[in-house]
Amino acid sequence: MNDKLDIEHIAKLSRLDLSKEEKEKYSKQMGGVLEYAEKIGDFRSPEQSEGSLHVGRDDKEGISRDDTSDVEVGVINGVTDAIREDEVGESLSRQEALKNAPAQKDGFIQVKGVFAEDE
Amino acid sequence: MTQFSIKELQEKDQGIHAFLEFFDEKKIDQQIEESKKRIEQGNPLSAIDGKTVAIKENFVWTNGKTNAASKILKDFEAPYTATAVQKIIDAGGIIVGKTNMDEFAFGSSTENSAYGPTKNPHDLDRVPGGSSGGSAAAVASGMVELAIGTDTGGSIRQPAAFCGVVGFKPTYGAVSRYGVIAYGSSLDTIGTFGKTVKEARELFEVMAGKDVKDATSIDIENSKFETLNSKQAPHSKLKTQNLKIGLPKEFFAEGLDPRIKNAIDGVVEKIKSQGAEVVEISLPSLPYALACYYIIAFVEASSNLARYDGVRYGFSIENSKSKVTSRLERRDPSASLGMTKEGVGMTLLDIYQKSRAMGFGEEVKRRIMLGTYVSSAGYADKYYHQAQIVRQEIKKEFDDAFSKVDCIFAPVTPTLPFKFGENTDDPVKMYLEDVYTVPINVAGIPAISIPIETAQEGDKKLPIGMQILGKQRDDYNIFNIAQNIEDLISKS
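Just so you know, the sequences run in chain order A and B. Using our numbering, the letters of the first sequence map in sequence onto residues 1 to 119. Using our numbering, the letters of the second sequence map in sequence onto residues 1 to 492.
Treat the hints as calculated values from the structure; they're not laboratory data. Remember, predicted model here, so these are calculated numbers, not experimental data. Beta carbons are placed, not taken as given, at the ideal position from N, Cα and C, and that holds for glycine. Heads up, a few of these hints could be off.
[Said to hold, decoys possible] Calculated pairs, BS3-like style, for lysine-lysine (alpha carbon to alpha carbon, straight line, at most 30 Å):
1. A/LYS12 x B/LYS429
2. B/LYS71 x A/LYS12
3. B/LYS261 x B/LYS429
4. B/LYS7 x A/LYS20
5. A/LYS99 x B/LYS71
6. B/LYS7 x B/LYS71
[Stated by the list, open to error] Pulled from the structure, derived: some chain B residues nowhere near chain A, Cβ distances all over 12 Å:
7. LYS7
8. GLN10
9. LYS12
10. ILE32
11. TYR115
12. LEU124
13. GLY142
14. SER185
15. GLU205
16. VAL279
17. ASN319
18. GLY458
19. GLN472
20. ILE489
Using the sequences and the hints given, assemble the complete structure.
In structure tokens:
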């Protein structure tokens with residue numbers, strides 16, 4: 001492992017409230033999994049070996065990019081651009097859609113204020 | 001035709017816990033009656049008309065609840081029914097209930113269910129596999145004739161092998177994912193369990209087909225059912241003497257239980273004696289497939305589970321009953337969740353963080369955090385994008401292999417069914433159980449697990465399965481080949 005896992009940051013990004021003990025436990029377990037996952041870095045595709053595909057670095061300017069847009073993602077069985085006409089079709093009724101909402105009011109799902117100051 | 005009784009089923013399930021929910025007995029009886037009439041009149045709706053079917057708990061339906069074996073969806077009543085389930089209903093299949101699974105399909109043993117594990121009918125001290133452990137056990141124990149599950153990294157094939165039944169995973173997109181609680185959207189498939197290849201195929205045929213509600217779904221060409229003695233197709237590629245089978249050397253290296261290897265060798269010898277050609281092939285990227293799978297799956301999982309937020313549906317800390325709260329506090333007294341019964345004083349962030357922390361099990365939290373980590377700024381390229389590159393190479397290697405062979409034989413699992421608790425202390429140890437199944441999901445190809453032998457362990461006979469893999473859209477040919485192997489094995 002190169003960096004110590006910032007479990008506070010990860011738990012916050014994941015929207016998970018963890019106790020101190022849980023943070024320690026998960027941090028350790030995740031470290032083990034990431035150690036295994038690291039081996040992916042040893043892999044070189046033919047394009048990577050010949051230098052025509054770089055992951056994460058713009059060699060010309062020496063800037064580290066965290067956005068490798070050349071890498072193909074998500075085309076599994078050849079289906080791409082599966083779009084339909086922009087027409088209204090059948091959909092859930094409002095009642096059905098609210099069926100399982102923990103809090104609702106006036107036909108809306110009720111949610112705490114995002115920017116509320118005093119809660 | 002089944003003489004059916006829910007009470008009998010519930011009694012039988014006492015020792016196994018394959019089911020989490022049973023459907024209404026009166027409705028089942030009515031469906032059986034209607035099915036009987038249709039069959040007597042010679043008008044069955046399909047080959048599965050009147051057959052009992054179990055549905056994994058991650059398919060939504062309007063006939064009951066859906067919880068994906070998680071507390072965060074306890075008592076959730078979906079407002080719509082999954083396409084795959086509706087097709088079964090429309091084909092006359094008698095759905096008797098929903099089966100147990102690893103929570104959100106994260107697991108290989110069904111030990112991660114928030115409602116208790118399922119037992120392997122062949123040895124009650126051992127796991128049935130996962131995540132579709134309940135479906136596999138329900139068929140293996142004879143509680144139902146057919147069952148459906150999902151397979152994202154092996155979750156149909158591995159429990160099928162552990163429980164000694166047939167488990168089929170189709171080409172990605174062959175069955176609509178509409179109404180399936182998503183785990184890894186580029187990997188999830190819907191498949192079937194049956195005692196025989198024929199039954200698994202008939203159930204698949206009912207569900208297969210492009211669905212306007214699933215933009216990744218496809219139609220695949222059905223092929224006539226062909227057997228070894230097919231008169232209609234004397235020059236068929238699928239006649240055993242014309243068959244070319246590949247054995248990837250990377251799959252038969254160290255780490256494979258010798259009893260499993262020997263069992264597969266036995267099948268290979270049998271099929272060679274029928275005239276098939278068996279060649280060793282190499283898929284050099286296979287050793288990276290497990291890391292590739294887990295990185296992509298965890299990223300997609302963390303994205304897909306963001307919707308469980310205590311706001312739109314499911315468990316919410318805001319109106320959690322005090323009973324739930326105190327039980328969880330007792331389990332982890334150090335958890336200073338600082339919550340109140342009415343949620344007063346909580347911010348929106350609190351609602352998210354506390355609802356999710358309380359509603360999700362351990363493995364789920366681990367995978368969400370791992371997925372978040374490997375896709376986060378500063379790490380996405382190293383892990384996620386790199387994994388996507390590996391994925392393309394694995395797909396290419398399978399494509400190349402299938403230009404040379406008709407199908408590939410492979411083990412399903414590296415081990416025989418393991419005992420409860422054997423792999424739960426170390427996540428990586430558990431993940432390694434999937435080493436032979438995940439490459440198939442990465443490549444999006446179809447695969448079937450068929451039982452080939454049993455291994456004596458004490459006074460128990462533990463099932464051993466073998467995988468037959470095909471190229472994308474070759475699902476029906478794979479069924480034909482599997483049928484031939486099944487016939488070959490049963491003859492000897």
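Structure-based check of all given hints:
1. For the given pair, A/LYS12 sits about 27 Å from B/LYS429 by alpha-carbon distance, which is consistent with the 30 Å threshold.
2. Only pairs whose Cα atoms come within 30 Å are accepted, and B/LYS71 paired with A/LYS12 is accepted, the gap being roughly 21 Å.
3. The hinted pair formed by B/LYS261 and B/LYS429 meets the criterion: a straight-line CA distance of about 20 Å does not exceed 30 Å.
4. Proximity of B/LYS7 to A/LYS20 is assessed by CA-CA distance (about 46 Å); at most 30 Å being required, the pair is judged violated.
5. Among the hinted pairs, A/LYS99 with B/LYS71 is consistent with the structure: their alpha-carbon atoms are about 18 Å apart, no more than 30 Å.
6. Simply put, B/LYS7 and B/LYS71 have alpha-carbon atoms about 26 Å apart, close enough for the 30 Å limit, and the pair holds.
7. Annotated as non-interface, B/LYS7 keeps its C-beta farther than 12 Å from every C-beta of chain A; the closest such distance is 31 Å.
8. Non-interface call for B/GLN10 relative to chain A: holds, since the shortest CB-CB distance, roughly 27 Å, exceeds 12 Å.
9. Taking the minimum C-beta to C-beta distance to chain A, about 32 Å, the non-interface status of B/LYS12 holds against the 12 Å cut.
10. Even its closest Cβ contact with chain A, about 29 Å, leaves B/ILE32 beyond 12 Å, as expected for a residue assigned away from the interface.
11. No Cβ of chain A comes within 12 Å of the Cβ of B/TYR115; the nearest lies about 19 Å off, and the non-interface call holds.
12. The beta carbon of B/LEU124 sits about 29 Å from the closest Cβ of chain A, which is more than 12 Å, so the claim that it is off the interface holds.
13. For B/GLY142, the condition that its CB be more than 12 Å from all CB atoms of chain A holds, with the nearest at approximately 35 Å.
14. B/SER185, annotated as away from the interface, has a beta carbon of chain A within 12 Å; the closest lies near 8 Å.
15. Non-interface status of B/GLU205 relative to chain A is upheld: no Cβ of that chain comes within 12 Å, the nearest being about 19 Å off.
16. Distance to chain A confirms B/VAL279 as a non-interface residue, since its nearest Cβ pair spans about 24 Å, more than 12 Å.
17. Against the 12 Å criterion, B/ASN319 falls within the reach of chain A, whose nearest CB is about 6 Å from its own CB.
18. Once the 12 Å rule is applied to beta carbons, B/GLY458 is consistent with being away from chain A; the minimum gap is 32 Å.
19. Residue placement check: B/GLN472 does not keep its beta carbon more than 12 Å from all beta carbons of chain A (closest about 6 Å).
20. Residue-level check passed: B/ILE489 sits 31 Å from the nearest beta carbon of chain A, beyond 12 Å.
The structure fails to meet hints 4, 14, 17, 19 from the earlier list, while all remaining hints are met.
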